[in-house]
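Asker: In terms of mature numbering (1 follows the signal peptide of the UniProt record, and there is no 0), the sequence shown is residues -20 to -1, 1 to 110.
No lab work stands behind these hints: they were computed from the structure. Each hint should be verified, as a subset may be incorrect.
Label pairs and their in silico Cβ distance ranges [said to hold, decoys possible]:
#1 V97 x N7: 16 to 24 Å
#2 K75 x V97: 30 to 38 Å
#3 E49 x T5: 13 to 21 Å
All of these numbers come straight from a predicted model, not from anything done at the bench. Just so you know, even glycine gets a beta-carbon here, dropped at the ideal spot from N, CA and C.
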Amino acid sequence: MKKYISLVIATVSLIGCASAQNDNTINQKLDSKSDKEIVLVKVIDDSRCPEGVQCIWAGEVTIEVAAYENKKIVEQVQFTVNTKSKEEIVSWFTKHLPTQTNQLKGISILPYPKDGVTRKLEDYFIKLNY
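Take the sequences, apply the hints, and build the full model.
Answerer: In structure tokens:
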């Protein structure tokens, strides 16, 4: 049993380290070494169709994000992320992210909803898709 618990703790620790090093995610903290950063302020509404459920409509998620330069807020906006808003969102993120060699193609708000599971703000993050 002790070996099992040690293995679980080691796995969780490694996952935590790996996710902290991923430069393609945006969370709720100012933690970038760059002069430009985007922070997920809050998830206002998440009406996306939960995993494992058949829906007529894919749904959408509304978020509030803040752009910082040199640790000072320069803009805070709300976006409704759906199939129609991709171009506007990519344009805003490209403007406020540090210069990249790859072109931003889109963003994903994760984790995706699951039927019967309530999420906390700390659970959410934005994945940048290049």
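Asker: With reference to the structure, classify each hint as holding or not holding.
Answerer: Hint by hint, here is what the structure shows:
{"no.": "1", "hint": "V97 x N7: 16 to 24 Å", "in the structure": "holds (19 Å)"}
{"no.": "2", "hint": "K75 x V97: 30 to 38 Å", "in the structure": "holds (34 Å)"}
{"no.": "3", "hint": "E49 x T5: 13 to 21 Å", "in the structure": "holds (20 Å)"}
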